[in-house]
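A.B. asks: Start from the sequences and build out the full structure, keeping to the hints where you can.
Here's the letter readout for the chains.
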Amino acid sequence: MPQVTYILPGGTETTLEARDGDSVMETAVKNGIRGIVAECGGACSCATCHVFVADEFADVVGGPGDLEDDMLDGAACDRRETSRLSCQIKMCADFDGLRVEIAPKQI
Amino acid sequence: MASANIAKILIVGAGQAGMQIADSLRENGYSGQITMVGDENALPYQRPPLSKAYLYGDADEESLQFRNHRFYQDNNIELILGDAVVDVDISATDESSVGGVATTASGKRLDFDRMALAPGSTPRKLAIPGSELDGVLYMRSIADAQALKARWENAKNVVVIGGGFIGLEVAAVAAKARKNVTVLEGADRMMARAVCPITSQYFKDAHERRGAKIVLNARIASFAPSPNNSSAVGAVTMEDGTDIPADIVMVGIGVVARTEVANLLGLELANGAILVNEFAQTSNPLVVAAGDAVMLPNPTGADGLVRLESVQNAVDQAKAAAKTLMGLEESYRALPWFWSDQADIKLQIAGLSTGYDQTVVRGEPDHDAFSVLYYKNGRLLAIDAINQVSDFMAVRRCLTAGQNIDAEAAADSSVALKTLITA
Numbered sequence: 004m005p006q007v008t009y010i011l012p013g014g015t016e017t018t019l020e021a022r023d024g025d026s027v028m029e030t031a032v033k034n035g036i037r038g039i040v041a042e043c044g045g046a047c048s049c050a051t052c053h054v055f056v057a058d059e060f061a062d063v064v065g066g067p068g069d070l071e072d073d074m075l076d077g078a079a080c081d082r083r084e085t086s087r088l089s090c091q092i093k094m095c096a097d098f099d100g101l102r103v104e105i106a107p108k109q110i
Numbered sequence: 000m001a002s003a004n005i006a007k008i009l010i011v012g013a014g015q016a017g018m019q020i021a022d023s024l025r026e027n028g029y030s031g032q033i034t035m036v037g038d039e040n041a042l043p044y045q046r047p048p049l050s051k052a053y054l055y056g057d058a059d060e061e062s063l064q065f066r067n068h069r070f071y072q073d074n075n076i077e078l079i080l081g082d083a084v085v086d087v088d089i090s091a092t093d094e095s096s097v098g099g100v101a102t103t104a105s106g107k108r109l110d111f112d113r114m115a116l117a118p119g120s121t122p123r124k125l126a127i128p129g130s131e132l133d134g135v136l137y138m139r140s141i142a143d144a145q146a147l148k149a150r151w152e153n154a155k156n157v158v159v160i161g162g163g164f165i166g167l168e169v170a171a172v173a174a175k176a177r178k179n180v181t182v183l184e185g186a187d188r189m190m191a192r193a194v195c196p197i198t199s200q201y202f203k204d205a206h207e208r209r210g211a212k213i214v215l216n217a218r219i220a221s222f223a224p225s226p227n228n229s230s231a232v233g234a235v236t237m238e239d240g241t242d243i244p245a246d247i248v249m250v251g252i253g254v255v256a257r258t259e260v261a262n263l264l265g266l267e268l269a270n271g272a273i274l275v276n277e278f279a280q281t282s283n284p285l286v287v288a289a290g291d292a293v294m295l296p297n298p299t300g301a302d303g304l305v306r307l308e309s310v311q312n313a314v315d316q317a318k319a320a321a322k323t324l325m326g327l328e329e330s331y332r333a334l335p336w337f338w339s340d341q342a343d344i345k346l347q348i349a350g351l352s353t354g355y356d357q358t359v360v361r362g363e364p365d366h367d368a369f370s371v372l373y374y375k376n377g378r379l380l381a382i383d384a385i386n387q388v389s390d391f392m393a394v395r396r397c398l399t400a401g402q403n404i405d406a407e408a409a410a411d412s413s414v415a416l417k418t419l420i421t422a
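Heads up: the protein sequence lines correspond to chains A and B, in order.
So in the numbering used here, the last spot in the first sequence is 110, and the numbers never skip.
So in the numbering used here, the last spot in the second sequence is 422, and the numbers never skip.
Some hints could be false.
Quick partial rundown of chain A residues pointing at chain B, CB under 7 Å, derived from the structure [claimed, not checked]: (1) Lys33; (2) Gly35; (3) Gly44; (4) Ser48; (5) Leu70; (6) Asp73; (7) Met74; (8) Gly77.
Don't read these hints as lab results, they were simulated from the structure.
These figures come from a predicted structure and were not determined experimentally.
C-beta: ideal position from N, C-alpha, C; glycine also.
C.D. replies: Quick look at the structure:
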């Protein structure tokens with residue numbers, strides 16, 4: 004199972020094993036990681052699962068789709084170059100070792 | 000509610016609100032016992048995907064779960080699933096006292112100091128001749144979704160009764176799967192309770208363009224059995240005698256608040272839902288309530304009571320209920336918001352449009368991308384955004400901050416709404 008590391012606001016890191024195909028958001032929420040709110044449960048409707056993808060993974064993970072891009076524009080935290088909504092990043096073997104920083108403000 | 004000596008909290012209902020109450024209690028540092036009773040056997044799960052991603056096959060039972068098994072163990076949340084509270088005895092009636100005991104259907108006796116009700120709702124049933132036929136289905140629980148899915152593959156003709164959110168979501172999935180889809184709506188427009196006529200008209204046209212047949216002012220007489228199987232539905236018979244072939248009938252005509260436990264406690268109801276104040280307190284000082292089954296003071300601060308059947312309300316009201324249980328009373332104020340994904344159409348609603356006197360349309364309904372802004376006395380109340388997430392996000396932000404967007408300026412869709420937000 005691919006691993007993903009979450010860098011929480013404040014710097015604490017937690018590494019989890021993700022079920023293949025589960026999103027970065029789902030993996031965090033199911034394991035009780037706080038900071039990712041995910042009000043809409045993964046429907047790309049709320050922009051409360053905002054993360055910054057670590058630079059070294061930015062290319063392999065890729066950028067947001069059009070809808071996600073518009074949602075990110077309205078996110079509570081100003082977006083950065085590698086901003087993504089973590090509900091839209093589905094874990095797979097290629098993303099093993101992924102590191103994401105959870106945006107400090109989600110709502 | 001005093002927080003002193005509160006060591007046992009019993010949560011009745013294991014849906015979105017029940018789950019959030021448990022989670023928020025732990026997040027806020029409550030270290031006492033938490034027991035959550037749910038009448039379904041599945042680990043607490045999300046309902047919204049049942050009529051969309053689950054039906055498409057993009058989500059399974061495991062991916063619907065809010066949390067995994069370990070979360071409940073690690074957070075010391077006792078789950079009693081597949082069981083229901085059938086009796087409650089609360090002798091204490093004032094805030095300083097604690098105590099009650101609930102009995103479940105399986106005979107468990109659960110002591111508690113405080114109780115949180117999050118029973119949710121149940122689909123309103125259609126009682127007409129033939130309603131008992133196999134294939135007449137509802138959509139609320141995972142069992143409902145499984146029943147629909149089990150019949151999905153072989154169903155050619157799908158009839159949806161009710162042109163509301165649930166019905167249209169299922170109709171969209173069916174049309175995409177190239178089934179013959181008919182939506183029967185009793186009113187003269189779709190989603191009439193939630194949106195204005197402009198949005199209603201768009202959704203009628205949009206679903207028709209995607210292959211569904213929409214009948215407004217539909218008068219349904221009965222369900223007729225299939226000629227091949229007399230215990231299964233084969234058609235919907237209209238009052239004028241016409242038959243609409245149906246291998247599946249999905250009934251989505253609203254929900255009824257579940258008040259079984261509230262009734263055992265003699266709690267005050269309003270319009271058939273559990274009445275609470277802004278702190279999620281019921282008429283019994285030992286009992287809070289949150290979610291779909293609740294009638295609450297309008298959380299936007301406007302006058303009146305509302306019932307909000309949405310994820311946002313379940314979550315935010317549950318957070319307020321958890322604080323109240325811990326003696327950290329915080330008035331529940333939030334901007335209601337909602338979404339519905341219907342095939343490639345993303346509808347997002349923020350605010351409550353009740354009482355509007357003006358609407359402003361931005362964008363092109365014919366191009367599946369527009370917004371309707373609702374105003375009252377020049378103040379923005381709400382938005383229906385159809386594939387216009389920037390408008391949705393701007394209005395959500397604006398209304399959450401108690402700000403306004405000038406109606407005349409908003410009508411120019413070449414200008415981004417977020418640049419028009421003013422005090």
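A.B. asks: Hint by hint, note whether the structure agrees.
C.D. replies: Cross-check of the supplied hints:
This hint holds: A:Lys33 has a C-beta 5 Å from the nearest C-beta of chain B, less than the 7 Å allowed. Nearest Cβ of chain B to the Cβ of A:Gly35: about 4 Å, under the 7 Å cut. The hint holds. Interface hint status for A:Gly44: upheld, as the beta-carbon distance to the closest one in chain B is roughly 5 Å, under 7 Å. A least Cβ separation of about 4 Å between A:Ser48 and chain B falls short of the 7 Å threshold, and the interface hint therefore holds.
The interface hint given for A:Leu70 holds, since its Cβ lies 6 Å from the closest Cβ of chain B, which is under the 7 Å cut-off. Interface hint at A:Asp73: satisfied, since its Cβ lies 4 Å from the closest Cβ of chain B, which is below the 7 Å cut-off. Contact between A:Met74 and chain B, as hinted, is supported at the beta carbon level, the nearest pair being about 5 Å apart and thus within 7 Å. The criterion of a C-beta within 7 Å of any C-beta in chain B is met by A:Gly77, whose closest approach is roughly 3 Å, and the hint holds.
Checked against the numbered hints above, the structure violates none of them.
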